[in-house]
Amino acid sequence: MQWRERKGMLQAQEDKNRRLYLCQCVTEHRGSLRLEAGHGKNHKDAASVRAAHPIPAACGIYYFEVKIVSKGRDGYMGIGLSAQGVNMNRLPGWDKHSYGYHGDDGHSFCSSGTGQPYGPTFTTGDVIGCCVNLINNTCFYTKNGHSLGVAFTDLPPNLYPTVGLQTPGEIVDANFGQHPFVFDIEDYMSEWRAKIHSMIARFPVGERLGEWQAVLHNMVSSYLVHHGYCATAMAFARTTETIIQEEQSSIKNRQRIQKLVLAGRLGEAIDATQELYPGLLERNPNLLFMLKCRQFVEMVNGTDSEVRCFGTRSPKSQNSYPSSPSLSPRHGATNPHLHTTDSPTCSNGVTSKNKSNSKYPGVSSASSSSSSSPSSVNYSESNSTDSTKSQAHSGTSNQETSDSEMEIEAEHYTNGLADASSARIVNGTYKHEEILQTDGHGLGNGLAEDGSTSRQLCGGNLAATERMIQFGRELQALNEQLCRDYGKNPTHKKMLQDAFSLLAYADPWNCPVGQQLDPTQRESICSALNSAILESQNLPKQPPLMLALAQANECVQLMARVRAGSCSFARIDSFLH
Amino acid sequence: MACMLEAPLRISVLSEVTATSRHYVDRLFDPDPQKVLQGVIDMKNAVIGNNKQKANLIVLGAVPRLLYLLQQPSSSLELRTECAVVLGSLAMGTENNIKSLVDCHIIPALLQGLLCQDLCFIEACLRCLRTVFISPVTPVQLLYPDPTVIPHLMSLLSRSQRTQEYITQIFSHCCKTPEHQTILYNHGAIQNIAPLLNSPSYKVQMQALKCFSVLAYENAQVSMTLVNVLVDGELLSQVFVRMMQRDRPIEMQLTAAKCLTYMCRAGAIRTDDTCIVLKTLPCLVRMCSKERLLEERVEGAETLAYLMEPDVELQRIASVTDHLVAMLADYFKYPSSVSAIADIKRLDHDLKHAHELRQAAFKLYASLGANDEDVRKKITETENMMDRIVSGLSESSIKVRLAAVRCLHSLSRSVQQLRTSFHDHAVWKPLMKLLQNAPDEVLVMASSTLCNLLLEFSPSKEPILESGVIELLCSLTQSDSPALRVNGIWALMNMAFQADQKVKVEIVRALGTEQLFRLLSDPDANVLMKTLGLLRNLLSTRPHIDQIMSSHGKQIMQAVTLILEGEHSIEVKEQTLCILANIADGNTAKELIMTNDDMLQKIKSYMGHSNVKLQLAATFCVSNLIWNEEDGSQERQDKLREMGFVDILHKLTQASDPSLCDRAKTAMQQYLA
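Chain order of the listed sequences is A and B.
Residues in the first sequence are numbered from 1 upward in steps of one, following our numbering.
Residues in the second sequence are numbered from 1 upward in steps of one, following our numbering.
The hints are simulated quantities; they were obtained by calculation from the structure and are not laboratory data.
A quick note: this is a predicted structure, and the numbers were derived from the prediction, not measured.
Some hints could be false.
List time: in silico DSBU-like cross-link candidates among lysine-lysine, alpha-carbon distance up to 35 angstroms [said to hold, decoys possible]:
hint, chain 1, residue 1, chain 2, residue 2
1, B, Lys651, A, Lys67
2, B, Lys613, B, Lys502
3, B, Lys333, A, Lys195
4, A, Lys195, B, Lys210
5, A, Lys195, B, Lys352
6, A, Lys96, B, Lys176
7, A, Lys67, B, Lys377
8, B, Lys290, A, Lys195
9, B, Lys502, A, Lys96
10, A, Lys195, B, Lys429
11, A, Lys259, A, Lys96
12, A, Lys195, B, Lys613
13, B, Lys502, A, Lys195
Whenever a hint applies, use it, and build me the whole structure from the sequences.
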């Protein structure tokens, strides 16, 4: 939580008027920043050094320690804080917006030439700490690990840690966390963490207690419904006497589709969606493309029904995903929901304004932040009912595939690759290009070599592999079509590249892009599809629970922006478990 | 009219209540066991949270019947359990309820019940026992007569979290004396309870922690064992340190700090150990902060005072930690003017704690200022400090008075404070008042403070003398308490130091020679030393010596002889020889020694003693006897030469000790002149 000052960040203020003979040398001594005074005689010869950066408010509690290596002649040393622009030729505390604790008399100086009795004096061998509490804007000092009590209150923001020396021979070492602190600052922080935590936990709801309860019930119920936990949702509704807006059959339909997606049977899932929600995918070509891409990946995996029907394996054996009713979106760091909930305007798993899904960098292209903006625009267009007509047209053209288009597509594709920055992907796709041209021939070789491993491409069936190649062509055609209708979409390109790259490796499961094959990757597409279905039924595409969570997250970030120190201890995670 | 109407109504309501209560009791005597069980269950539901109902049932004799049913082997287990539950519920009521239950011998009955195998029944019995034992009206020794009870309770600790909670709670309330500590210790309390500190249940953790705090209190044996105990591979002291972390509940932090404090005071942990200096002390200082509850602040301050009492370094650290000295000033602001207006409940609460807060603050100030002059200065400079002490000395609560005088005593060790603030605030006045009729513990502290106020440089000495303190001090010397006798005679000794003739005469008169000689044979060495000191101070400056010796010479010489012949420490004998030297300095008093050949022989032998201090004192005495410029010095010199003193003096001029050598040379010069 503390902001740690690194080597070289502490710097003497370059001031032309400064008496250079008192130049305070800042050197590094065994990992500490060492300050030494020159030949000062009186208070006019004092000089201060301050950190290069101010204390960030969002850190909550800031702490640094200074060890007095030598008190020099008179030990006129000041440790404290100062704002930007304060005269650095004086000890901290003497000027406006400057605060200090002085070693010679133990007084505290609060922007004033006269000090107040504060603590003991300090001298050679003592370690003085300065702690700024940005939650209540106070400051206290420590001496040799003992808190001396509050020295200043109502501190302004953006203060810099400052140390001032005056008489010859004074040497101090500053520790911004490179070394363990003498004072147990962690313990102090834990107290504030607990304080903020209990303040939030005990936030009064006052007269609205009953109302509160109903809101909570609705949130839980809607969450269960959203994810299609039909039986649980019904049981919950019965006991809490809440009403579920969606029909039970609709929930079950969604549940069925979700199960199919999570089981990796994307083809069936697409069919089921088209059957139960006709026109939905036509209105959402981006979603359809995502689904198809995933279908291709699942074909590689050997789980999709279009390739599975060729194989001899039982469908369940390949399905490593836990089956319903225990299937549930994961929470915490691995859950794409949580990461995408930063901005409530985005749909689940599709775009993310601030944070990329760090767990799977570059894999789930749909939620990668760098290329998300075009897709998010597209998506929001598709949200509006006005655009359905134009999209319906393009939707129908999805079905047609022709060889000639395929050729052009391939050309186009390589052109597009030229401006891709990552060499690895370029290589990968070139290979993939070759594979496509050799038309499965090389793949056969690859399979022969790989015959011994348990997992095989398309379940090891040649007919299935052919079907997969065929499907790949269709997919490329679809991309081409979308490009023509809506313009280039880097997200789609990336998705396609990643999916096709799988074919470049002898063992796709153990390759740089192999993570796509992980069943957990199905979750984001599953929730995207679910949201789209709900939206088409005029139901919220995101459960209120997630919205609330996203809002809380946003609030914490807002607090950080407006310098509310308590935000660093208001951890949403700590309330989720 | 209204009153007359109301009265019968009340009675009828009462009788109605009694009638229903009677019904509950009657059902306990039903021949059908099933109906009895139902009756007990109904009774259970009726008494929950209803103190009146509880009192009624007790008056109507439900308790013996319930106990009978509980003990009856023929009763079903369910019935016995329900009986224990109802009894537990009755115990939750007023103190009178507890008294009645204890009078019905509920404790042995329930302890007997613990021998049953059924866990539910055991838990019900333990819950009831717990409730009875935590009441202040229950005599704790009732837990101990049967020697099998404690081991059985220890064995029940493994049964469930509830048994753990109740048993540890019983232990922590019933461990009041060193004997209790030893009994629990000998039955393996430490090994059995230590693992509970890591229990998943907070209640169990807390009760176990409390147990350790009462076990370790002033008990070196327990404390020494505790430091070596491991809980899940972690040292117990580290477990306590972990429990003092700032995000833990305050109660837990405070109790853990108490455990470490007691272990430290019992000598098991050094005072410079980091777990004391950097953890326990700051934790206790935090407990004194304004944010804490009044009870916590009292307990925190008292524990902190106890922790640092013997260690000046801890006192210095505490005095600069978190503005503690200023923080304590806030303890005197209850009930505040705000609370009086705000609401009655708060005022009541504040009033109740006001005395406790004040006495805790005084205690802590006393500890803080016990040794360090700078800290004392800081304390006396705190706002209105001296005024607060002065008013504390005359408070109605003995606890506050005692603590205030302790604080004053600590501060009175400062020469500077004696000269300044003590005099400015005339603290001697309330102190004198306090001495008039106070319990012994207050008297000890007050008289000890008075000793310091009577030091010769203290400006308070004069007014105290004028207030007729001598009689009071003389009466203290007749006390049964050695501490009071010491303080009395000590104060007289200080008073006599460089005092006027008038004062000295007054002291001798008031004390009476008889008492003086009784004190010279006091069994307490300290009393003897201070009495000799008083004699020595009385016998200073020549006219005073002669005057006192002329009136009391015979007795004093007798006493001196007695002490020199008796079995006493070197210090006592040295002091006595010094008195003799003082006597030898008198004009007429000298003769008392010169005519006493026996005494001269004694002095001679002490000149050859193996202890240099005694040799020095004896030589000093001789040197005074033969001093040239006084009348009759020639005869005395001759007499002593005849007795062989010169040879000894001559020998002593060769002594290795330089001061003895010098002294002997000075004496020899008297002969040469």
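Satisfaction of hint between lysine 502 of chain B and lysine 613 of chain B, Cα-Cα up to 35 angstroms
Since the Cα atoms of lysine 613 of chain B and lysine 502 of chain B sit roughly 32 angstroms apart, the hinted pair holds (cutoff 35 angstroms).
Does lysine 210 of chain B lie within 35 angstroms of lysine 195 of chain A when you go C-alpha to C-alpha?
It holds: about 25 angstroms lies between the C-alpha atoms, which stays within 35 angstroms.
Assess, step by step, whether the Cα of lysine 195 of chain A is no farther than 35 angstroms from the Cα of lysine 429 of chain B, and give holds or violated.
Violated. Lysine 195 of chain A to lysine 429 of chain B sits at ~49 angstroms, over the 35 angstroms cutoff.
Pair hint lysine 96 of chain A and lysine 176 of chain B, alpha-carbon separation not exceeding 35 angstroms:
59 angstroms, violated
Lysine 502 of chain B and lysine 96 of chain A: Cα distance at most 35 angstroms?
At roughly 66 angstroms apart (the allowed maximum being 35 angstroms), lysine 96 of chain A and lysine 502 of chain B break the hint.
Between lysine 333 of chain B and lysine 195 of chain A, does the CA-CA distance stay at or below 35 angstroms?
26 angstroms, holds
Is the hinted pair lysine 67 of chain A and lysine 377 of chain B satisfied, with a Cα-Cα distance of at most 35 angstroms?
28 angstroms, holds
Straight-line Cα separation of lysine 195 of chain A and lysine 352 of chain B no greater than 35 angstroms?
29 angstroms, holds
For the pair supplied as a hint, lysine 290 of chain B and lysine 195 of chain A, confirm whether the alpha-carbon distance does not exceed 35 angstroms.
It holds: about 16 angstroms lies between the C-alpha atoms, which stays within 35 angstroms.
Verify the proposed pairing of lysine 259 of chain A with lysine 96 of chain A, using a straight-line Cα cut of 35 angstroms.
66 angstroms, violated
When you check the alpha-carbon spacing of lysine 502 of chain B and lysine 195 of chain A, does it fall within 35 angstroms?
69 angstroms, violated
Is the hinted pair lysine 195 of chain A and lysine 613 of chain B satisfied, with a Cα-Cα distance of at most 35 angstroms?
Not OK: lysine 195 of chain A and lysine 613 of chain B at ~66 angstroms, beyond 35 angstroms, violated.
Hint compliance for this structure: hints 1, 6, 9, 10, 11, 12, 13 are not met, and every other hint is.
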